[in-house]
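Asker: Protein chains in written order, with my numbering: chain Z, 14 to 294; chain D, 2 to 318.
Hints were generated in silico from the structure; no laboratory data involved.
Please note that a few of the clues may not be correct.
As the list claims (entries may be wrong) - Covered stretches of chain Z (chain D as the covering partner; in silico rule of three or more C-beta atoms under 8 Å from a C-beta of chain D): (1) 116–122; (2) 127–133; (3) 268–279.
From the three backbone atoms N, C-alpha and C, an ideal C-beta is built for every residue, glycine too.
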Amino acid sequence: MAEEVDRSWRALPKHVALMLASLAMLYPLLWMLSSSFKPEDEIFSDLSLWPQTVTLMNYVEGWFGLGIQFGRFFLNSLIVSGLAVIGNLVACSLAAFAFARLEFPLKKLWFAAMLGTLMLPYHVTLIPQYVLFQKLGWLNTFWPLVVPKFLAVDAFFIFLMVQFFRGIPRELDEAAVIDGCGPWRIYWSIMLPLSRPVLAAAAIFSFIWTWDDFFGPLLYLTDVANYTVPLALRGFIDATSRSAWGPLFSMSILSLVPVFAAFLMFQKHIIEGIAASGLKR
Amino acid sequence: MTAFRDTAVAAPGLSARRRRFGGWRQGLPGYLFLAPWLAGFFLLTLGPTLVSLYLSFTDFDLLRSPQWIGGANYERIFTSDPKFWTSVGVTLSYVALSVPLKLGFALAVAMWLNRGIAGLGIYRAIFYLPSLLGGSVAVAILWKQVFGYDGLVNQLLWLVFGVNGPSWISNPATSLYTLVLLSVWQFGSPMIIFLAGLRQIPRDLYEAASIDGATRRQQLTRITLPLLAPVIFFNLVLQTIEAFKAFTPAFIISGGTGGPVDSVLFYTLYLYQQGFAYFRMGYASALAWILLLTIAAFTALAFLSQRYWVYYEDDPR
Chain Z
14 MAEEVDRSWR ALPKHVALML ASLAMLYPLL WMLSSSFKPE DEIFSDLSLW
64 PQTVTLMNYV EGWFGLGIQF GRFFLNSLIV SGLAVIGNLV ACSLAAFAFA
114 RLEFPLKKLW FAAMLGTLML PYHVTLIPQY VLFQKLGWLN TFWPLVVPKF
164 LAVDAFFIFL MVQFFRGIPR ELDEAAVIDG CGPWRIYWSI MLPLSRPVLA
214 AAAIFSFIWT WDDFFGPLLY LTDVANYTVP LALRGFIDAT SRSAWGPLFS
264 MSILSLVPVF AAFLMFQKHI IEGIAASGLK R
Chain D
2 MTAFRDTAVA APGLSARRRR FGGWRQGLPG YLFLAPWLAG FFLLTLGPTL
52 VSLYLSFTDF DLLRSPQWIG GANYERIFTS DPKFWTSVGV TLSYVALSVP
102 LKLGFALAVA MWLNRGIAGL GIYRAIFYLP SLLGGSVAVA ILWKQVFGYD
152 GLVNQLLWLV FGVNGPSWIS NPATSLYTLV LLSVWQFGSP MIIFLAGLRQ
202 IPRDLYEAAS IDGATRRQQL TRITLPLLAP VIFFNLVLQT IEAFKAFTPA
252 FIISGGTGGP VDSVLFYTLY LYQQGFAYFR MGYASALAWI LLLTIAAFTA
302 LAFLSQRYWV YYEDDPR
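Start from the sequences and build out the full structure, keeping to the hints where you can.
Answerer: Structural data, given as structure tokens:
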């Protein structure tokens, strides 16, 4: 339990300090936001968070900056992230259900193997995976970014879901067994509906991590038309001269919007998900 | 439905072995549910891990088939590759600086926020936001500008002190520190875990301690830190592994080169260059295995050290 909340005036200095700290934390982000609306010369001369002249030119210039409209990159990112969310939810919840509720030979071995993959740095599997995807002719497609999610390679989510499933009372599925339900019905009609919080957390983190992923697209996507947003931003740095920070900032801000929106909408799930990952064992 | 643990009443005729394993036939639903993960485990994790071990002993450029060269890659890495040692030095400095600073900051702010303050949720959310956005290319771009020659930091220096600052990014003496700062800025995620841990410490311990006349400092060192040790341990392991794997910000601010003068040549960046810029895939596989063994050794060391400083409440000791 936390101590009682102090709502008196005595807490005021602390609030002032916390607000200043918050401002300092957010200042770079807010400054990038405001700079994205400033004309180029003002970015380098004005520290204030309020533009003297508001212009949308940076956004117009940025949107068409790479020869292909940025909308294309957003669409690509949305496809990859959307499929990653679906893949992770389906494959990880199936595996988690098996580990949490079903009995089968060698279960302990597989569970230990799954936990082992949590620690494995992806660099070790990188090159053989690249060779495999190349042999399959999947270079410069979204498949290498998406298919692993449908094969539950992100073991962190399995782990999170197993923890949650174990907390659901067994009496529920025992009653269902007596009523003649098989494992599939129990998974689909009992476990999944009761697991909304953990499924939501897994969906949000899958989305954000895939949206922000830079390394995967860097390896596998070579054609500009296939670029995801982070890769397009990288291409943009190379394509523009040193003084074109305005358009670069404007597109960077746009790239953060979906993540920020997810944060605003699902703040509770995100923070609880983070806290839970560190406390449950 | 003998597939279910609690309803699996062992029939008298079943052998002990069959009961223990659930039997292969009864195990079928389990394997069906596990099938996608099993396929991924063998095709994308275990298989590639073993293949990369093999490749690390070969000369492989993706065009011709791998040529077995024994331990030559490892020998070259350790004896005649100065860039390898540079990247090791950069990465170890980054880990040694960013992890303690980040965790110390996270813990201090968590304890500050935990002393009963209105609007905790809002402050927590604001402090967490950089963690959520900080790994993106967008923020790396922002960092590149903020610490650039005509960036935000130098504008501030000019305004407040009237000095012309250097370009922090392109100065090899400071570029790594800008990335350490970027990492510390993202202290929000361990902070949330610390906050959740702090809330699990029973308040009556503090009340009893202050009745006995314990100072705040004593309460910190005798109650808070020992009871928080498991959470500190978790954050330490997690953040260290993350720091070893850092890639994106170094790639973006250096334009993929690791420069200036290799000052931000992170280990992962060097591995990427060897594998995907020079297509020395055998060499890069050896680098990957060295990374794996380093992380494994560190994790094992951390777990072994636990008995000296981490106390678990359910531990019978």
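Asker: Next step is simple, just say for each hint if it's right about the structure.
Answerer: Here is how each hint holds up against the structure:
1. 116–122: Answer holds; 5 residues pass the 8 Å Cβ test.
2. 127–133: holds (count 4)
3. 268–279: Answer holds; 5 residues pass the 8 Å Cβ test.
Going down the numbered hints, you'll see the structure goes against none, and every one checks out.
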